[in-house]
Amino acid sequence: MQAEVFDTPDSAVADIPDGATILVGGFVSAGTPSNLILALKRSGQTGLTAVANNIGLGDLLDELCEDRQLAKVIATFAIRASGTRSSRFEAQYRAGEAELELVPQGTLIERLRAGGAGLGGVLTRTGLGTMMAEGKQVLELDGDRWLLERPLRGDVALLKAWRGDRHGNLQYRLAGLNFNPVMATAADLVIAEVEQIVEPGEIPPGSVGTPGIYVDRLVECEPVPVRWDG
Amino acid sequence: MADRTPPTGLSRELIALRAAQELEPGSVVNLGIGLPTLVAGFVDPSDEILFQAENGILGYSGISDSEFDSDLINAGGQPVDLVPGASFFDTADSFAMIRGGHIDAAVLGGLQVSAQGDLANWYVPARGGGSVGGAMDLAVGARKLIVAMAHVTREGESRIVEACNYPLTAERCVDVIVTDLAVIDVTEHGLILRERAPGISEAVVEEWTDAPLIIPDDVPEMSL
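Protein chains in written order, with my numbering: chain S, -5 to 224; chain G, 789 to 1012.
In case anyone wonders, no lab produced these hints; they're calculated from the structure.
These figures come from a predicted structure and were not determined experimentally.
We put the CB at the ideal spot given by N, CA and C, even for glycine.
Errors might be hidden in some of the hints.
If you want a taste of the chain G side facing chain S, the calculated C-beta under 8 Å gives, among others [unchecked claim]:
{"hint": "1", "residue": "852"}
{"hint": "2", "residue": "855"}
{"hint": "3", "residue": "861"}
{"hint": "4", "residue": "865"}
{"hint": "5", "residue": "871"}
{"hint": "6", "residue": "873"}
{"hint": "7", "residue": "875"}
Please take these sequences and the hints and turn them into a complete structure.
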């Protein structure tokens, strides 16, 4: 069990193919793999599907829309309900140039969890009686109604953690976990940017947030400061 | 309807203060984005209410003015301070808490609430879109759902309606509505006026509510 250590975020993402589905960890500014996102921008792949909690909230994912690299976004937050500023993605979505699948947050994480854990789907009450149920199967079990949500996986996952070691073990910091640990399980190629690469053993076993078995590539980067000011 | 002038009720801060009074000491509470985030500023620390942020924090006390740390934010992206005993967790755990019935109460914003307690709060037809975030999960999962919102839109339309015509967040989920004009309980008998804002009569609340409203005798003014 070894993760490959890359010198630069650019080299870590260079072989991602056009058209790939990419899971992107993070929640607004917390635990967001900004170096890998910016490397993907420089790398120039197109026709990508991004799966992330949010786009256009100070997360830099919106940067991929400058050169129209995103064909589709699967997210919980992409269109603002108020305010005058809108993201590049929102403009492209409204112009019919990019597709959006909006998913409730608790459903998105469980679809990813199912995708990573070898499960065939999730039954949830979330979304019943709303637009989110359109075209989906509703099961009635013992008198309760459940919405069937299908698993979701990526070709690639881009993650951010605080520290990592060459076995791929990741340690998160504060509220930097969010989508990262589950996304680590749900993609064929998992790339993590960390603030520090440390020797195996330096991360106490009980503090490993993502066991190394899930992680393929590591790159050490200075975190990019991001902040959403509404 | 638009030619009437909506009454002036509570400020956003006072709506938040009144919503905070609905929270039980020792309870675990999630606050939605927007007006509900103000609620954290109006609870008594000795009540030991634990705020949960769906991005993975249990136990923040409010918005922080200390130096910004990009990894320490609430679900609205705002910096927060932690209370002793706080914990961090991933999104799967967070929504296990939410959908699994472990959150005592949620305070969410609203665009419309129906007579049977349906909530619409994520899609703004005039804007042709919106974002769902964790709202649908909170609406079905929180044990008590408090909606804090303006009673009337800027265009002069009641947000409390017989049936929502905005896309729903969840059906039959709202327990209490706190607005600038009133506190209204959603019950199996219908909407019941519990309190009115200072200076707002029962008749004014009824006039600006587009759903049947049960008005008991002697509805008290809010104590703010």
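Hint check:
1. 852: Where the cut-off is 8 Å and the nearest Cβ of chain S is about 12 Å from residue 852 of chain G, the hint is violated.
2. 855: violated, 11 Å
3. 861: holds, 5 Å
4. 865: Status holds, d = 4 Å.
5. 871: Violated, because the Cβ-Cβ distance from residue 871 of chain G to chain S comes to roughly 14 Å (cut-off 8 Å).
6. 873: violated, 15 Å
7. 875: Since the shortest Cβ distance to chain S is 10 Å, the answer is violated.
Taken one by one, the earlier hints fail for this structure at numbers 1, 2, 5, 6 and 7, listed in ascending order.
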